[in-house]
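Engineer: Residue strings, one per chain:
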Amino acid sequence: MQYLLMIYNNEAGTAAAPAEGVQKMNAAYLAYTEAMNKAGVVRGGNRLRPTSEATTVRVKDGKSQVLDGPYADTKEQLAGFFLIDVPDLDAAISWASKCPGASTGTMEVRPIWQMSA
Amino acid sequence: MIQDAARDAAEDIARRSYGKLVAYLSARTRDVAAAEDALAEAFAAALADWPANGIPQNPEAWLLAVARRKAIDVARRRRTGEEQAGHLQMIHDEVEAAAAGASDIPDERLALMFACAHPAIDAAIRAPLILQTVLGFDASTIASAFLIAPATMGQRLSRAKNKIREAGIPFRVPEREELPERLDAVLAAIYAAFAEGWTDPAGTEARRRNLAEEGIWLGRLVVSLMPDEPEALGLLALMLFAEARRAARRDANGEYVPLADQDTPAWGAVMIDQAEALLRHAGTMNTVGRYQLEAAVQSAHVVRRLTGAADWAAIEQLYDALHALTGSPVVAINRAVAVGETEGPAAGLAQLDALADDARLADYQPYWAARATLLARTGDTATAASAYDRAIGLESDPAVRRFLQARRSALEN
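If you're matching them up, the sequences are chains G and W in order. Taking this note's numbering, I'd label the letters of the first sequence as residues 1 to 117. Taking this note's numbering, I'd label the letters of the second sequence as residues 1 to 413.
Treat the hints loosely; a few may be bogus.
[Claimed, not checked] With the C-beta cut set under 7 Å, the calculated list includes, among others, these residues of chain W facing chain G:
(1) E166
(2) A167
(3) I169
For the record, the hints were derived by calculation from the structure and aren't laboratory data. Computed from a prediction, not measured in an experiment: that's the story for all the values here. Using N, Cα and C, we set each Cβ at its ideal position, and we do this for glycine too.
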C-alpha cells in the first residue's frame, strides 16, 4: 500500500535554529532518505518552502479567489512529505517514526486512495 | 422441537465459531464488515436449512462455504476490475484451503484482536470492536452496555472497521519487541469490557453482568492462545478474583458491603483457586506488570478467607510497586489506605495530604471516602463529617451512598 508521510513542524522554530542545528538536521534527513531508498520503499518526497510563501486558490461563482498564505493557520505547518510503498500501516508507522521530523514535530500518515483500474 | 434443536445448534456454533470465522474471513482482505455481513447471512441460511436437512457434519465448514459465496457477492458490489479479481481469488483460495482441511480452520482471533486494539484505532472503541467482531454482539447491545446511543455506537464501530480496511491495519501478532505494548492495548480493551460489567454491583442489568462474563471469556481465549504471557495470565486472574466477590458486594437487602466486611464464604472459592493458580504460573516468568500486581493485591485481600485477616503489609508493598509503574493517583489513594492499616490512620492521612494538590482528585469519590474513614479513626469527627459529605455528594450508586450516610451518622455517636 502507498502512504503519504506528512511532516508537520513549527516553522518559526526551524527558522530560528542555529546553523549547527540546521546542519545536523540536514544530515539526519539525508541519512533517512538514504535508508528509505536502500529499502526500496520511497516513491517520492520533498521539503516545502515555508507557509509565508504559500498561496491559496479557490473558485467561487466562476471567479478565482487568490489569497496570500496557507489554507489553515496552525501551530505546526506542513514542512515536507514522503510518498512510500509498504505492506501495511505498521510498516508505514515504523518509517514515520524514524523520520527526523517525528522528533521535532508531528508526522501524519495517510493511505493513498486506491483508484480502481 | 427439531427447529429448536437446530436453532440451539446454530447458536452454539455462533458462540464458539463466530469470532474464528470473522477472523478467518477478514484476515486477508482486512474487510471486517464484509466478513460480518457474509456470516450473518450464512447463519440465517443455517437456521433456514438445518431444521429441514439436518445439521451438517462439519457446521463450521458449511457456514464458511455459504459465507464465502456471500463475501464474493459483497466484493463484487464493492470493487471493480483487476482489484476485484485479486480480491476474489484471495477469498476463493483461502476458503478452498479451509474446506480441504475443514476441521482445522486456523484460529486467527488473536490477530483480529490485535487489529481491533491497534494504536491507530481510537482507544475508546477498541473494547466494543472486540466484543462485536470476536463475540458477535450487535451494536445496540454494546451501546446499552457502554451507555452510548445505539446510532452513535454503530457509527463509531463502522468507522473503526473502515479504518482497518482502508488504512491497511495488519492482522498479525506483533513482533517480540513491540508485543508488550500492543498486548497491553488488547488486555486493556478486554479489561474495559469486564469493568463495564463489573460496575453493575446489584447484578440487575443482565447485559452488563454478561459483559463481565464475556470479558473473562476473552481473557481465557487470550490465555489459551498465548499461554506464557504473564500479563495475560495476570489479567485473567484479576478478573476472576473480582468476579468471585461479585455476589458478596451486596447483602440480602441489597445494601453495600465493603470488601473488609464481606462474608468470605460468599466468595466463589473455585474462581479464587483458579486465579491463584494463574497468578502463580505468571510469577514463574519473572516479568512483573500492572495486571499481575493488581491481581496480587486481590490475592492479598482474599487471603482473609484462610487467615482471618487481609495481608496489609503485602498490599502496601504491591501498591508501592504499582505506583512506581503507573504513577496513578488512584493507586496512591489505595496505597494510603494500606498505610492506614499497617502504620495507623495518621500515617495514611499524611500520604493522602501529599496528594491534595492533584486537581483530578477534587471530584474523585474514593479519595474523599478514604479521607473520611481515616479521619474518623483519628477521632477528628468534624473534619471526617465534611469529608463524608464530599464523598456522598460525589457517589452515584444509591447503595454506596446509603452506606456512606450511615458511616457519617455513626460519627455522632
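Engineer: A separate judgement is required for each hint: does it hold in the structure or not?
Structural biologist: Quick rundown of the hints versus the structure:
The beta carbon of E166 of chain W comes within 6 Å of a beta carbon in chain G, closer than 7 Å, and the hint placing it at the interface holds. Among the interface hints, the one on A167 of chain W holds; its C-beta lies about 5 Å from the nearest C-beta in chain G, closer than the 7 Å criterion. Interface restraint check for I169 of chain W: the shortest CB-CB distance to chain G comes to about 5 Å, inside 7 Å, so the restraint holds.
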